[in-house]
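Note that the protein sequences, when read in sequence, are chains W and A.
Numbering follows our numbering, in which position 116 of the first sequence is assigned residue number 116; successive positions increment by one, without gaps.
Numbering follows our numbering, in which position 60 of the second sequence is assigned residue number 60; successive positions increment by one, without gaps.
What the hints contain is simulated information worked out from the structure, not anything from laboratory work.
Glycine included, each C-beta is placed from N, C-alpha and C at the ideal position.
It is possible that some hints are incorrect.
[As the list claims (entries may be wrong)] Ranges of calculated distance between the beta carbons of each label pair, as one might list FRET restraints:
1) A:VAL52 <-> W:GLY118: 33 to 43 Å
2) A:ASN140 <-> W:VAL167: 28 to 38 Å
3) A:ARG175 <-> W:VAL179: 34 to 44 Å
4) W:PRO105 <-> A:ARG4: 44 to 54 Å
5) W:ARG175 <-> A:PRO79: 27 to 37 Å
6) W:THR106 <-> A:GLY119: 36 to 46 Å
Listed here are the chains, written in short residue letters.
There are 2 protein chains.
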Amino acid sequence: MLTRDEVEGARERAAAALAGAGIVLAPAELAAIEVADFGLSHLDEIGLQVVVYVNTERVCAKELVLFPRQTCPEHRHPPLERSAGKEETFRCRSGVVYLYVEGEPTSSPACEPPLSGGGAFTVWHEVELRPGEQHTIAPNVLHWFQAGDEGAVVSEFSTTSVDESDVFTDARVGRTTVVGDG
Amino acid sequence: MLTRDEVEGARERAAAALAGAGIVLAPAELAAIEVADFGLSHLDEIGLQVVVYVNTERVCAKELVLFPRQTCPEHRHPPLERSAGKEETFRCRSGVVYLYVEGEPTSSPACEPPLSGGGAFTVWHEVELRPGEQHTIAPNVLHWFQAGDEGAVVSEFSTTSVDESDVFTDARVGRTTVVGDG
Numbered sequence: 001m002l003t004r005d006e007v008e009g010a011r012e013r014a015a016a017a018l019a020g021a022g023i024v025l026a027p028a029e030l031a032a033i034e035v036a037d038f039g040l041s042h043l044d045e046i047g048l049q050v051v052v053y054v055n056t057e058r059v060c061a062k063e064l065v066l067f068p069r070q071t072c073p074e075h076r077h078p079p080l081e082r083s084a085g086k087e088e089t090f091r092c093r094s095g096v097v098y099l100y101v102e103g104e105p106t107s108s109p110a111c112e113p114p115l116s117g118g119g120a121f122t123v124w125h126e127v128e129l130r131p132g133e134q135h136t137i138a139p140n141v142l143h144w145f146q147a148g149d150e151g152a153v154v155s156e157f158s159t160t161s162v163d164e165s166d167v168f169t170d171a172r173v174g175r176t177t178v179v180g181d182g
Numbered sequence: 001m002l003t004r005d006e007v008e009g010a011r012e013r014a015a016a017a018l019a020g021a022g023i024v025l026a027p028a029e030l031a032a033i034e035v036a037d038f039g040l041s042h043l044d045e046i047g048l049q050v051v052v053y054v055n056t057e058r059v060c061a062k063e064l065v066l067f068p069r070q071t072c073p074e075h076r077h078p079p080l081e082r083s084a085g086k087e088e089t090f091r092c093r094s095g096v097v098y099l100y101v102e103g104e105p106t107s108s109p110a111c112e113p114p115l116s117g118g119g120a121f122t123v124w125h126e127v128e129l130r131p132g133e134q135h136t137i138a139p140n141v142l143h144w145f146q147a148g149d150e151g152a153v154v155s156e157f158s159t160t161s162v163d164e165s166d167v168f169t170d171a172r173v174g175r176t177t178v179v180g181d182g
């Protein structure tokens, strides 16, 4: 659970990061920046700020904002009844993001799993993305990512996004952020 | 036909416009900016500069650069054997772009068709896009667009791009740019 103040503060930080990356948002988009704590209530460690530009039955495009060392927990996008599962390309716009995917584990990875992550980080093939660099992830491939010390802004180009069908390695994770009155 | 110098000059102008919009490209992407004259040899009037980030069987993402008053000629993306035809979202990043689509004609449109365009501009419902604004075009809908006096940078999020299947209103248009030695 996050408080309204935590959500509002994260929105403001994300808006500043996007502006710093030269990305212009409409006022309604700024007000609707999604703040996801993945149900773990440790937003600064495990979380993500998201702007959804478009999400039709075929195409989705988003901006993702990660605060310094903030982590998106490990998950995959499984095949669905009517599609092969989400395919996504991450393109770094500012900062640095370390993406971990299935494959040969990197011997000295740049990231450690967040302490509050419950140890649910099983893939360790590291792909470092700096501005102008990108990586495409096939459907059903496990992945997680963490920003470097300065945070990161990452564009995501993908097939339809159906967040509620994502499969997280950490069974505690919930994709819906609960906001309390605190 | 364009000369090598014209193509190189257009690439440099496009790179400057992208940098001005805060968009970072990898060196290989800068060197590969596509310069399209649509076979009409009037690049400054009818043309487009394109960076393709990704184009898989399902998803495509590009940046489009338009020079001041440069026009992308009218066309549509028809249904294909294995898909419903290309669906695309245009999002303005810098400058202004005027998008014309099927629908109620706008009484005082902001653009005139380019003189070298052969009169092949038949849809006049105007959608003005400034930074942070976007519009989604369904498959098979006729459209064309022109930048304002300062040019424009536009992100395109779409299904697979199969340029050679596009249907242009002007039968003279060819999607492949021929570069001569001149």
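These are the hints, each one checked on the structure:
no.: 1; hint: A:VAL52 <-> W:GLY118: 33 to 43 Å; result: holds, 40 Å
no.: 2; hint: A:ASN140 <-> W:VAL167: 28 to 38 Å; result: holds, 36 Å
no.: 3; hint: A:ARG175 <-> W:VAL179: 34 to 44 Å; result: violated, 49 Å
no.: 4; hint: W:PRO105 <-> A:ARG4: 44 to 54 Å; result: holds, 47 Å
no.: 5; hint: W:ARG175 <-> A:PRO79: 27 to 37 Å; result: holds, 34 Å
no.: 6; hint: W:THR106 <-> A:GLY119: 36 to 46 Å; result: violated, 59 Å
Checked against the numbered hints given earlier, the structure breaks hints 3 and 6 and satisfies all the rest.
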